[in-house]
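A.B. asks: My request is simple: use the sequences and hints to build the entire structure.
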Amino acid sequence: MRGVVIPISMVPGNSVIHRISPLPKLLLAGCVLVLSFSTRNPAILGALIVLGMVMVSVANIWKPFLRVMAILFPILLTLITLQSIAPAFPRPWTPIVSMGPFTIYQEGIYSGVTMVERATSMTIFALAAIMTTHPSDLFASLQKIGMPYVLNFILTMTLQLIPILQKEFTTVLSAQKSRGLKGTGFAAVLPSMVPVFVGAIERVQQLSISLESRAFGSSGAKTSYRSVKVSWVDYLLMLLTTFGTCGLLYWIITDPSLDWSRTLIFAPWLAITLFTLATIGFLIFVIIAIRVVLRA
Amino acid sequence: MSTASAKPVAKKKRSSRIPLTYVVALVPVAAALNIVGGQINTILKLPIFLDMIGTAVAAIVLGPWWGALVGAITNIVSSFISGPIGLPFAVVNVVGALVWGYGVRWGLGKKYWSYFLLNIIVAFLCSVTAVPIYVFIFGGATGHFADMMTAAFLAMGQNLIVSVFSSNILVSLADKIIAGFVALAIIEALPANLTANIQLPAAAGGLKKVLWIAGGVIVGAAITLIALAVAK
Chain A
174 MRGVVIPISM VPGNSVIHRI SPLPKLLLAG CVLVLSFSTR NPAILGALIV
224 LGMVMVSVAN IWKPFLRVMA ILFPILLTLI TLQSIAPAFP RPWTPIVSMG
274 PFTIYQEGIY SGVTMVERAT SMTIFALAAI MTTHPSDLFA SLQKIGMPYV
324 LNFILTMTLQ LIPILQKEFT TVLSAQKSRG LKGTGFAAVL PSMVPVFVGA
374 IERVQQLSIS LESRAFGSSG AKTSYRSVKV SWVDYLLMLL TTFGTCGLLY
424 WIITDPSLDW SRTLIFAPWL AITLFTLATI GFLIFVIIAI RVVLRA
Chain B
276 MSTASAKPVA KKKRSSRIPL TYVVALVPVA AALNIVGGQI NTILKLPIFL
326 DMIGTAVAAI VLGPWWGALV GAITNIVSSF ISGPIGLPFA VVNVVGALVW
376 GYGVRWGLGK KYWSYFLLNI IVAFLCSVTA VPIYVFIFGG ATGHFADMMT
426 AAFLAMGQNL IVSVFSSNIL VSLADKIIAG FVALAIIEAL PANLTANIQL
476 PAAAGGLKKV LWIAGGVIVG AAITLIALAV AK
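Chains A and B, in that order, are what the protein sequence lines are. In the numbering used here, each number is its position in the first sequence, counted from 1, plus 173. In the numbering used here, each number is its position in the second sequence, counted from 1, plus 275.
Calculated directly from the structure, the hints in this document are not laboratory data. Incorrect hints may have been included.
As the list claims (entries may be wrong) - Some, not all, of what chain A presents toward chain B, calculated at C-beta under 10 angstroms:
#: 1; residue: Thr-251
#: 2; residue: Ile-303
#: 3; residue: Val-406
As the list claims (entries may be wrong) - Every beta carbon over 10 angstroms from chain A, so not counted as near; a handful from chain B, in silico:
#: 4; residue: Leu-301
#: 5; residue: Leu-325
#: 6; residue: Leu-383
Claimed, not checked - Label-pair restraints from in silico Cβ distances:
#: 7; chain 1: B; residue 1: Thr-404; chain 2: A; residue 2: Val-227; range: 34 to 40 angstroms
#: 8; chain 1: A; residue 1: Val-223; chain 2: B; residue 2: Asn-468; range: 38 to 44 angstroms
#: 9; chain 1: B; residue 1: Phe-411; chain 2: A; residue 2: Ile-453; range: 35 to 41 angstroms
#: 10; chain 1: A; residue 1: Gln-333; chain 2: B; residue 2: Leu-295; range: 41 to 47 angstroms
#: 11; chain 1: B; residue 1: Val-403; chain 2: A; residue 2: Tyr-423; range: 30 to 36 angstroms
#: 12; chain 1: A; residue 1: Ile-318; chain 2: B; residue 2: Ala-471; range: 45 to 51 angstroms
#: 13; chain 1: B; residue 1: Phe-411; chain 2: A; residue 2: Gly-420; range: 41 to 47 angstroms
Beta carbons are placed, not taken as given, at the ideal position from N, Cα and C, and that holds for glycine.
C.D. replies: Structural data, given as structure tokens:
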């Protein structure tokens, strides 16, 4: 299964972004998430994307970042196709061109483009935060700000168990194939879930005894293998992020001129080009999906 | 103390019967199974989700709120691995866990037909929760197999909300029936101390229950095939 799963993990480095504590990065990703969902202005969303790109450049993680975006971006393009023909906007809609049973609407193109921008902006910041942060540092930081250690332990354990279960699935599927049984599709996947889970339960029993022997449930301060220091720069960054986000939110809420849904007119050739490119991407995805399903 | 004078032992809640360390160890396993199931589903491009089997197991065995925790953790952790698109759908996973957990506790897991009905209720409520997320956050598409069905329903003249619901309910029915019955098979294979007081169709034992599980999976797959035919 390796190489097929979307490869999002920490990219080692010593950039400024890598050196920042996980908390400001997490806060920034959260703030961008809030901002992305609070506006449909393409310029603001575009500015967030550019800011995210700057962050990726400073962190020097272009190669792994583009590898992930190459998988996610064609998926995002389906938004333009569906929105163009059925905008998530109140009527009336302005038709641009009719293509068989479908009509492309001005508001649909606007909605599709802004939704792609929205998804791209929040993905860029989330990826930049994840790719420059060691998962254990992230959880250690969260514990510092009061996250219960039981929840922290569960999250860390989940991350550690994923590659183990992936390996066990591969083993079970290979064993099925070697016995002449199916190795792909429902017939292979569903029965393999049971032995993998039951095998994992044996680990759970050992882990449970191990936790008991180390007094997991006892009271008192808990220590972490990795320690994370939060400097004054990190606090300053968190302060700036919070104030910047609040300021932008106030602007977005109070300035009605930021709604360009009725004023930004897409030229018909541009609308058709966008729709065609997105639809080609969508159809390629559909054809691959149908072929794989029929084979399974 | 004589037997007659002994006070009856109060029936404890299910989650309190299992030691905390065991629960703490079981929750990550269930969440990891969800994530790996979802990844396998993506790799094999199956027209379902396969990311709620662990949720169903945890909700039924440990309790609805532990299942909800598994559901939330699944989407939070998978957003670290495959991008933040799945993050808002944590609500759907939580709803599924609560319905499975409380459904079994309210007696819907006693018989095969009621357990089957429970899975259909889970599918329906999950779709009702997921559709607003699809439409208002992602504009109706997330790059899943169901998008092509949404496009087909749109071509038939339906509006976006109805189209997304129509495609999602078909996929969700197949997914939750399969998840429910695979979870049943997993629960049967768990140690007896974990499942001693859970009322599930497994009580009859033998080949019959296996056939029922297989039947559930086949019906789930049949619904998926019908969904595929509709998409064409």
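A.B. asks: Beyond 10 angstroms on every Cβ pair: is that true for Leu-301 (chain B) relative to chain A?
C.D. replies: Violated, because the least Cβ-Cβ distance between Leu-301 (chain B) and chain A comes to about 5 angstroms, which does not exceed 10 angstroms.
A.B. asks: Closest CB-CB distance from Leu-383 (chain B) to chain A, is it above 10 angstroms?
C.D. replies: About 22 angstroms separates Leu-383 (chain B) from the closest Cβ of chain A, which puts it past 10 angstroms; holds.
A.B. asks: Can we trust that Leu-325 (chain B) is non-interface, i.e. its beta-carbon lies farther than 10 angstroms from all of chain A?
C.D. replies: The assertion about Leu-325 (chain B) is violated, with a minimum of 7 angstroms to chain A.
A.B. asks: Double-check Val-406 (chain A) for me: the hint is only fine if its C-beta lies closer than 10 angstroms to a C-beta in chain B.
C.D. replies: Check failed: Cβ of Val-406 (chain A) comes no nearer than 25 angstroms to chain B, outside 10 angstroms.
A.B. asks: Do Ile-318 (chain A) and Ala-471 (chain B) keep their Cβ atoms within the hinted range of 45 to 51 angstroms?
C.D. replies: violated (40 angstroms)
A.B. asks: With respect to the beta-carbon atoms only, verify the hint that Val-403 (chain B) and Tyr-423 (chain A) lie 30 to 36 angstroms apart.
C.D. replies: holds (34 angstroms)
A.B. asks: Does the Cβ-Cβ separation between Phe-411 (chain B) and Gly-420 (chain A) fall within 41 to 47 angstroms?
C.D. replies: Given about 25 angstroms between the Cβ atoms, the range is violated.
A.B. asks: Holds or violated: the 38 to 44 angstroms window for the beta-carbon distance between Val-223 (chain A) and Asn-468 (chain B)?
C.D. replies: Once the Cβ atoms are compared, 57 angstroms apart, the range 38 to 44 angstroms for Asn-468 (chain B) and Val-223 (chain A) is violated.
A.B. asks: Quick check on a hinted range of 35 to 41 angstroms for Phe-411 (chain B) and Ile-453 (chain A), using CB atoms only.
C.D. replies: Given a distance of about 27 angstroms, which is not inside 35 to 41 angstroms, the answer is violated.
A.B. asks: Given Thr-251 (chain A) as an interface hint, is the shortest Cβ-Cβ distance to chain B below 10 angstroms?
C.D. replies: holds (4 angstroms)
A.B. asks: Given the range 41 to 47 angstroms, decide if the beta-carbon distance of Gln-333 (chain A) to Leu-295 (chain B) lies inside it.
C.D. replies: violated (20 angstroms)
A.B. asks: With chain B as the partner, please determine if Ile-303 (chain A) meets the hint condition of a C-beta pair closer than 10 angstroms.
C.D. replies: holds (6 angstroms)
In summary, the structure is inconsistent with hints 3, 4, 5, 8, 9, 10, 12 and 13 from the numbered list given earlier, while agreeing with the others.
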